[in-house]
Amino acid sequence: MQERLIERAKELLSDGTVVRVLGWKQGDLGYNPEPAYFNSPEELKDFVYDGFCGANLSKYMIAAGKMEGNTLVFLKPCDTYSFNQLIKEHRVNREKTYIIGVGCKGTLDIDKIKNAGIKGIESISQDGDTLKIQTIYGEKEFPFNDALLERCTVCKGKTHQVYDELIGAEEGEEAGPAGNRFEMVEKLEAMTPEERFAFWQNELSKCIRCNACRNVCPACSCLKCVFDSNKFDSAQKANVDTFEEQMFHVIRAFHVAGRCTDCGECSRVCPQGIPLHLLNRKFIKDINEFYGPYQAGEDTDSRAPLTDYTFEDVEPGIVTERGGKH
Amino acid sequence: MHRTEQEQAELLKEISGVDTKKCMKCGKCSASCPAYEEMDIRPHQFVSYVQNGDVKALLKSKSIWKCLSCFACVERCPRDVKPAKLIEAVRLMVIRERGGNYLTPDEVPELLDEELPQQLLASAFRKYSK
Amino acid sequence: MQRIGVFVCHCGTNIAATVDVARVVEAAAKEPGVVHAEDYQYMCSEAGQLKIREAIKEKNLTGIVVCSCSPRMHENTFRQAAERAGINPYMVEIANIREHCSWIHKDIEEATEKAVILARAAIAKVTLNAPLQSGTSRVVKRALVIGGGIAGIQTALDIADAGYEVDIVEKTPSIGGRMSQLDKTFPTLDCSACILTPKMVEAAAHDKITIYTYSEVEKVSGFVGDFQVDIRKKARSVDMSKCTGCGVCQEKCPSKKTPNEFNRGLNTRSAIYTPFAQAIPNVPVIDRENCIKFKTGKCGVCSKVCQAGAIDYEQKDEIVTQNYGAIVVATGFDTIKLDKFDEYSYSTSPDVITSLELERIMNAAGPTKGHLERMSDHKPPKSMVFIQCVGSRCADKRGKSYCSKICCMYTAKHAMLIRDKYPDVEVTVFYIDVRTPGKNFDEFYRRAVEEYGVNYIKGQVGKVAEKGGKLLVQGVDLIDNKRILMETDMVVLATAIEPNPDVRKIATMLTASIDTNNFLTESHAKLRPVESPTAGIFLSGVCQGPKDIPETVAQAGAAAVKVVGLLAKDHLVTNPCTAKSDELLCNGCSSCEKVCPYGAISYEEKEVNDHGIRETRRVAVVNSALCQGCGACTVACPSGAMDLQGFSNRQILAEVDAICR
Amino acid sequence: MQVEKTQEFRPKIVAFCCNWCSYAGADLAGSSRLAYPADVKIIRVPCSCRVNPMFILRAFQRGADGVILCGCHPGDCHYTTGNYYARRRMTLLFSMLDYLGVENGRTRVEWVSAAEGVKFSTTMNEFVAKIHSLGENVRLGDLRCKKD
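Residue numbers (numbering that gives the first Met the number 0), protein chains in the order written: chain Y, 0 to 325; chain B, 0 to 129; chain Z, 0 to 660; chain V, 0 to 147.
If you're looking for bench data, these hints aren't it; they were derived computationally from the structure.
Positions of the beta carbon are idealized from the N, C-alpha and C atoms, including for glycine.
Mixed in with the good hints, there may be bad ones.
If you want a taste of the chain Z side facing chain V, the calculated C-beta under 7 Å gives, among others [what the hints assert, rightly or not]:
| # | residue |
| --- | --- |
| 1 | S69 |
| 2 | I107 |
| 3 | E109 |
| 4 | K113 |
| 5 | S512 |
| 6 | D514 |
| 7 | G628 |
| 8 | C629 |
In silico DSS-like links for lysine-lysine, alpha-carbon gap of 30 Å or less [to be verified]:
| # | chain 1 | residue 1 | chain 2 | residue 2 |
| --- | --- | --- | --- | --- |
| 9 | B | K84 | Z | K336 |
| 10 | Z | K396 | B | K21 |
| 11 | Y | K186 | V | K129 |
| 12 | Z | K294 | Z | K315 |
| 13 | B | K61 | Z | K462 |
Put together the whole structure using the sequences plus the hints.
Following this line, the structure appears as structure tokens:
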């Protein structure tokens, strides 16, 4: 698969269809490839595509679209939702983008492997349903499905929403584990408010405000974040107990509500392991329940739930009526 | 426990949940009342008497035993005053002051005759079993 | 840094009785930026305004806070005062310490504390105010009147006489409205048709007036000075340019069983019909729901008998689009439905009628040709009972909370006319109160009692029942404290009136506010009674509240004057509190555009210089002439690029911070 | 309904009112002398759709105990559609706050027309009573709720 992608990328570079390739490059470890531009066929020797290429490349296309010449980008099925959403918001240039939709069997969470007690990892390869892990202590095996990122265990779509050509798309089509992506949200909803509060207090207290979630999020693509501008007096960088510090995550979640495709990048990159996707999924679940099923990124012209309305929309009082005794 | 008439009037309003100030003195309650002719103090006057704190007269009135609790006045009152509830409250006050001379359910069959309408039975029970 | 002046008004004792004004001044003076603070008896008075102007000059003030009544009262007054002293009128903020403070709180300590906080919030806001410049917008010299009753006709005539074009849109086939259904009018007993039809004719003949009957307003967009309105001209199925109004079609029409709306369903009409003889235009319409031709495809009698060839079964609804500078709502009223008032037997006995039905019965062109008779057996009644306040003054859901205002007088009129024409008929009126404020009104009512011997009973009717061809009335006489049980031949119900049910739809289109009873809200209950709070929308007649004919005509004239005052302007000064996008922050995502109700936001590819980076970006641009300043876009914008001048994010946050401090 | 005053707790309550309906309704409550507690402070906005969730969160962060948003009844918006957007925004925001474990009684939306002075007053009395029953706001001040 990786070889097929490199071959095709070389062809497209050579025939002038594109002037650069946006893909993943081998990192310093065996399991941390990173997004990278490849400007010539030679550079593609570092190109990698494996289970650790979880990074969603859509957001990079905002910048790539402003560069000279066309860009080839590899998008997994779930990444194409983000790209579509960015087309809808006029943030990416479809004309200057050549999309190869790549097949995906699910992407992996190194922490799940590490947490299982496997240490000193040198490289990881896949053999059917099993991961073969070379460690300094010898080869170990780990079930593929057990190493999947949470988002891949509840994969929302295995088909590409936008592409110019597909490579290996059939690979991902066989059904992987299909969990209910709202399971955890429902669990939280079923808790008492005190329990919910304790849960979030515990999680959000870990935040070190590194902005990784904001930086990786394809929906969080403002030229200048409100928290960095003086439009809301919200920056207040010098204060300790600032509005920004205290309300960051809920405001970020609200700003992407109705636009978030549930790509899960925020949780993937959080160095503190905060399940940030649970905030976004709450909005998605509410939107589905209140205003009918909606999947951001499925199309490029529908009205987003928050820029739309019907005369019969539920009243905000539903929140109290629905439960949550206080 | 001794109450002034004014206190009794307040108590009547509390028991009945009636706001006598809402009355616009149209008389529709009395106009609707099937027991009107039997009454010495008329439904609309109950509202006005309580409003003016004239409770003594009401406690002595035979009207409270004539009211059928049919609630026609409640149904038709344009101001939602509910005079029947007030009459019932007066009745209650009298009964409570008298002590426990209630009608028990066992005594009811003896008092029945064939002609007696069901509604009367229900309202009598409501009246006497409080 | 702003130099802010704070002016605290006593409003006589309205504020000063509950708010310690001196303490508000003292507290305000300590706020950052405040260089002047004082109080005065009446800030809105000329002397009070002078204090503001002097302080601006002496202390070089750049911003003003007035702690006084609601900004809806005097914001403009103080803006003008500021402008006269040379500072931008939008550098003024009002702290509402009367309606929102002194009038609702009793405790001086609490009220003063709150007034201080409200003052602080206004100071915090004005600190961030920036001078704003108003633009101008055009005024289309044409008015629309919705509703062709006496209110609409009078308004249209007055506007047209002042030289402006007016269009009347009337839903029914003819103008004339409720007044055309009345027989006589109080308190002078003129024949209604005799005084109305000349006005109808005048309106029809006026070269400045265009009448669209059988038409409805379908869509309204735009704003004061330039509304764009779609009018649906429903298919009449009769060519207005060919019809001569001979009436043969109506005579020959075989479908004659449709309840006659004009006669309140007391008789029937043909499927092709004009509602009444003096209808304007005198051109019939085909009621397609009841026309045999439209129902079965067979018939076509009207077409065959029409010598002018005016019948056109193929006619379609037509949409006329027109621009107007002002719109007058004159949609009038109807009587309420009586289905919840079983006790009066209205729906079961034909001899229990509403007062409006009685008007038709007494009218020479009505179902009985003006003979007073029972609808059950067409015999003349020997006695009649009138019941007042049926559905009016109701606290429950069955009726309306308000007094319908006209019933006391028309009941006296009916009683008097009946006693005059049929002296043998006994007339009894059950009333709660007789309300007759108005010139010669009480005298009129007294004549009914004293000269015509109408029997007025203070009390109500509890039940009306049909018994052996008679009506049994059970009521009460509250003065004599006795039960009244009487037999009568007819019962007339003074049924509550309510705004025409269509008005809610129209109010929504016009974004004019409306109260829980469906009466349109006036801009100020006392001082601006014919204007809606929505600029450019005016109110005429019962759509604003119950009123009789003289009041309606007076209000119609008042509305016309307001319209003329607006249309006479060359241009309007626009509200400068419009949205504005910061192009350096704009992502070009189109969220704002989607929520804008005025289509005021468009996108441009624009070269921007973002701190040295020159690039072409897609950015939002607000057309300030179209923007009305709602602010929907500001919240849709994720980056905060879109902001609302006069209510900016920072200003509102400053208020929040000041209140929560 | 009058709220019992307690010495200990005087809630801070921010009421955002649209200029055309609710602010006028509040004015009417004032001119009709329909009392409600002084704890309520009104901020005038042109339309309920002008209220950014950030304003509400900011109020809570700065120590508000309750925030209420009042606008024209759905269908009666002065700007035609503003309150429909506000309705969706607030529904989702309130649901999120509830999800975070914040007492959902601290936020409320009420549609109050210019003619509904009585409704404005009753609403405010109810809301203040509700906030009294919830007590001081401790959860919403810092949503991150940082534990030391």
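Going through the hints against the structure:
1. For S69(Z), the shortest C-beta to C-beta distance to chain V is roughly 5 Å, which falls under 7 Å, so the interface hint holds.
2. The interface hint given for I107(Z) is violated, since its Cβ lies 11 Å from the closest Cβ of chain V, which is over the 7 Å cut-off.
3. At about 4 Å, the closest approach between the beta carbon of E109(Z) and any beta carbon in chain V falls short of 7 Å, and the interface hint on this residue holds.
4. With 7 Å as the threshold, the beta carbon of K113(Z) comes within range of chain V, its nearest partner Cβ sitting at about 4 Å, so the hint holds.
5. A least Cβ separation of about 5 Å between S512(Z) and chain V falls short of the 7 Å threshold, and the interface hint therefore holds.
6. Residue-level restraint check for D514(Z) holds (minimum Cβ-Cβ distance to chain V is 4 Å; threshold 7 Å).
7. Given hint, G628(Z) at the interface with chain V, holds; its Cβ is 5 Å from that chain's nearest Cβ, closer than 7 Å.
8. Here the hint on C629(Z) is kept, as its CB sits about 4 Å from the closest CB of chain V, short of 7 Å.
9. In summary, the hint linking K84(B) to K336(Z) is supported, as the alpha carbons are separated by about 29 Å, within the 30 Å threshold.
10. Among the hinted pairs, K396(Z) with K21(B) is consistent with the structure: their alpha-carbon atoms are about 15 Å apart, no more than 30 Å.
11. Pair hint K186(Y) plus K129(V) holds up; C-alpha atoms about 28 Å apart against a cutoff of 30 Å.
12. Proximity of K294(Z) to K315(Z) is assessed by CA-CA distance (about 16 Å); at most 30 Å being required, the pair is judged to hold.
13. Straight-line distance between C-alpha atoms of K61(B) and K462(Z) comes to about 24 Å, which keeps the hinted pair within the 30 Å bound.
Of the numbered hints stated above, the single one contradicted by the structure is hint 2.
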